[in-house]
Amino acid sequence: MILLIQYTLIFASVLILVALGGCFSEHSGVINLGLEGIMVMGALGGALVMNALSTAPAAVTILVTTLTAGLSGVIYSLLLAVACINFKADQTLIGTAMNILATAAATVIVKAINMASDPDNVSATINYVDAKKAFTVSIGAFNFNWFMLIALIALIAAYVLLYKTSFGLRLRACGEHPQAAASVGIDVYKMRWSGVLISGLLGGIGGIVYITASVSEWKFETGVAGFGFLALAVMIFGDWHPIKIALAALLYGFFRALSNVYTGFDWLASLHISGTVYNMLPYIISLLVLMFTSKNSKAPKAEGIPYDKGIR
Amino acid sequence: MSRKSKGSNEKLVNGLRSVAASLICILAGLLIGFIVLLFIDSKGAFQAILTIIKNFFNYPSGPAALKYFGNTLVKTAPLLMCALSINFCYKVGLFNIGAAGQYVVGAGACLYGALGLGLPWYLCLLMAMLAGAIWGLIVGVLKAYFNVNEVISGIMLNWIGLYLVNILLKTVKEETSPYTKTIKSVNPSALLPTAGLPSLFTNNRYVTIAVPLSIIIAILVWVILEKTTFGYELKATGYNRDAAKYAGMNGNRNIIVTLVIGGVLAGMGAALLYLTGFEQWSVTQSSVPQMGFNGIAATFLGGLNPIGTIFASYFIQHITSGGSYLDKAIYPSQISDLISSIIIYLCGFVLFFKQVMAKRSAARSEKALLKQKDEEKEPEKGGADK
Numbered sequence: 000m001i002l003l004i005q006y007t008l009i010f011a012s013v014l015i016l017v018a019l020g021g022c023f024s025e026h027s028g029v030i031n032l033g034l035e036g037i038m039v040m041g042a043l044g045g046a047l048v049m050n051a052l053s054t055a056p057a058a059v060t061i062l063v064t065t066l067t068a069g070l071s072g073v074i075y076s077l078l079l080a081v082a083c084i085n086f087k088a089d090q091t092l093i094g095t096a097m098n099i100l101a102t103a104a105a106t107v108i109v110k111a112i113n114m115a116s117d118p119d120n121v122s123a124t125i126n127y128v129d130a131k132k133a134f135t136v137s138i139g140a141f142n143f144n145w146f147m148l149i150a151l152i153a154l155i156a157a158y159v160l161l162y163k164t165s166f167g168l169r170l171r172a173c174g175e176h177p178q179a180a181a182s183v184g185i186d187v188y189k190m191r192w193s194g195v196l197i198s199g200l201l202g203g204i205g206g207i208v209y210i211t212a213s214v215s216e217w218k219f220e221t222g223v224a225g226f227g228f229l230a231l232a233v234m235i236f237g238d239w240h241p242i243k244i245a246l247a248a249l250l251y252g253f254f255r256a257l258s259n260v261y262t263g264f265d266w267l268a269s270l271h272i273s274g275t276v277y278n279m280l281p282y283i284i285s286l287l288v289l290m291f292t293s294k295n296s297k298a299p300k301a302e303g304i305p306y307d308k309g310i311r
Numbered sequence: 000m001s002r003k004s005k006g007s008n009e010k011l012v013n014g015l016r017s018v019a020a021s022l023i024c025i026l027a028g029l030l031i032g033f034i035v036l037l038f039i040d041s042k043g044a045f046q047a048i049l050t051i052i053k054n055f056f057n058y059p060s061g062p063a064a065l066k067y068f069g070n071t072l073v074k075t076a077p078l079l080m081c082a083l084s085i086n087f088c089y090k091v092g093l094f095n096i097g098a099a100g101q102y103v104v105g106a107g108a109c110l111y112g113a114l115g116l117g118l119p120w121y122l123c124l125l126m127a128m129l130a131g132a133i134w135g136l137i138v139g140v141l142k143a144y145f146n147v148n149e150v151i152s153g154i155m156l157n158w159i160g161l162y163l164v165n166i167l168l169k170t171v172k173e174e175t176s177p178y179t180k181t182i183k184s185v186n187p188s189a190l191l192p193t194a195g196l197p198s199l200f201t202n203n204r205y206v207t208i209a210v211p212l213s214i215i216i217a218i219l220v221w222v223i224l225e226k227t228t229f230g231y232e233l234k235a236t237g238y239n240r241d242a243a244k245y246a247g248m249n250g251n252r253n254i255i256v257t258l259v260i261g262g263v264l265a266g267m268g269a270a271l272l273y274l275t276g277f278e279q280w281s282v283t284q285s286s287v288p289q290m291g292f293n294g295i296a297a298t299f300l301g302g303l304n305p306i307g308t309i310f311a312s313y314f315i316q317h318i319t320s321g322g323s324y325l326d327k328a329i330y331p332s333q334i335s336d337l338i339s340s341i342i343i344y345l346c347g348f349v350l351f352f353k354q355v356m357a358k359r360s361a362a363r364s365e366k367a368l369l370k371q372k373d374e375e376k377e378p379e380k381g382g383a384d385k
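Top to bottom, those sequences are chains A and B.
Residues 0 to 311 in numbering that gives the first Met the number 0 are what the first sequence lists, from first letter to last.
Residues 0 to 385 in numbering that gives the first Met the number 0 are what the second sequence lists, from first letter to last.
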């Protein structure tokens, strides 16, 4: 039972971080379908650092890993910002390209690094088993993970930033009616850039949390298995609002956690349902949830539409 | 008469611009791929990029090259079908990223039909089309009646499809490996007819009617979209759902029909590959096959035109196959995926490239016009001076 709570919380942390990322981007008016790719890049940056830092003190490992993952995400999100804000490219196409590119690039990079250190190692796997220990603190049977705290801080910060500061108000204005925002002197381009870069930061951190959640090495050929898109579903389910997103993330986290721990419950194991079914659960549930929540969508009105100064 | 010729002239110029923009994307993609190769190992980088571009020409003997050219064609057919699926839906304003999942369930259905039920090839093909159609139908209904973003529902269905197919095909896998049994050993009647095509490709028995069939379907898709009222209605819905509704078209129905057709195309694509016996399905597969995503690259590289997509699909498959000839001790074969994903990314800028070209040619014709006017004025001026 404790294990279930533990996994629920850690997967919910991933979803909170990434969904908040999507939230910032969409409130500024840019649909970020590239979150999946941003997660991969964040995971890559973080995993490389963790692999190198196997003996550093825990605090250093946590700080450097989180920062590197976030920074990798920010850098990668530049691809979205430049193309979609300045060049008015199709946001769906660019996001999709970023997802495919991230997996391909991460695979190539990891393979190249592995082969350089050991010519016989042609795998795309990074191992970070030692550094991973720095992130967990055992409280009885419960393994507290520092990333849970980071997600909580991000949640509070996102709420304050979006709803209690003038920056948040301006950012949201750009997603609702950019021309109106521009007419009162807000620089729409700058706001959208901020939205996308913040989403890169949160998505990147979410990536490293995801790959360290239940395993201690990652095969980069698999990407992050649609988790970036699950986070987008969480964001839609959460009405683009941080607090509701957190609740939605807990629900999804629970179903994702089930697939990790169902064998530990006698009555679940006795049903003899294949593990594959549990793997499918989060996706099926998000389809059902989207079905009932998309009708009265509270999506920012101008999202997905490139900003054009000349249009009223 | 002259107006009509002017119109077709504009169309031609626009088409040429699309081709030029696609070529820019390809060159830039190859260049970036080359730079990545340089970083990994600078000595062999040039040879490596040549290897990718040469693909089957890496074989010195003609017959061998021809045989492997056949292999590239075998894999181009399913790619083209996925690309057509995405192309068709995109024309109606829908981004069918679910093509990857429709392809997956198509693969599951046709392999189960062939290996589990022992059906002949045409029924297996039909099953794949049906499975794809159902997957497309779900996305369409969710979009039309529940306003669910088709990209997100498509991705969810991709994963659901992958897991379902893995469960289903576990019943027809080989005992000692995670791969499905070969069609040839279990039920040869499920293999696609070859119609004598292998003899053209040094007896490559995987070259079947799939290759010409996919090309015929590409042409058919073009005809439907450009030359029929049905296609016009679908496109009108894509441009403006409300306006189409006002004009008496059933927008919701059109969205669903479009995605069902998209599903049929992608599902059929899977059958065109798996029913050749070229590949077996691994039931432990943990990621959605690249085919559906590469289809996105092919569609956009083909300038969103079904005919252009034929060539673009071939190109994408050509470099993907080429990647497998790289020396795996030095370069990862995923370089090809990297190049095609960069090409997709750059396709986002195609509109921008075309705008720049249009602006430049507009500036040029304006200049020419001014010059012409000046020349007309000049003699007058001269006359006044005298």
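None of these hints come from the bench; they were simulated from the model.
Being a predicted model, the structure only gives us computed values, none of them experimental.
Treat the hints with care, since some could be wrong.
Stated by the list, open to error - Calculated pairs, BS3-like style, for lysine-lysine (alpha carbon to alpha carbon, straight line, at most 25 Å): (1) Lys218/A with Lys169/B; (2) Lys87/A with Lys244/B; (3) Lys87/A with Lys234/B; (4) Lys300/A with Lys234/B; (5) Lys244/B with Lys234/B; (6) Lys358/B with Lys87/A; (7) Lys183/B with Lys294/A; (8) Lys308/A with Lys353/B; (9) Lys234/B with Lys294/A.
Review point. Taking each numbered hint in turn, which are not upheld by the structure, reported in ascending numerical order?
Key: As far as the earlier hints go, 2 and 7 are violated by this structure, in ascending order.
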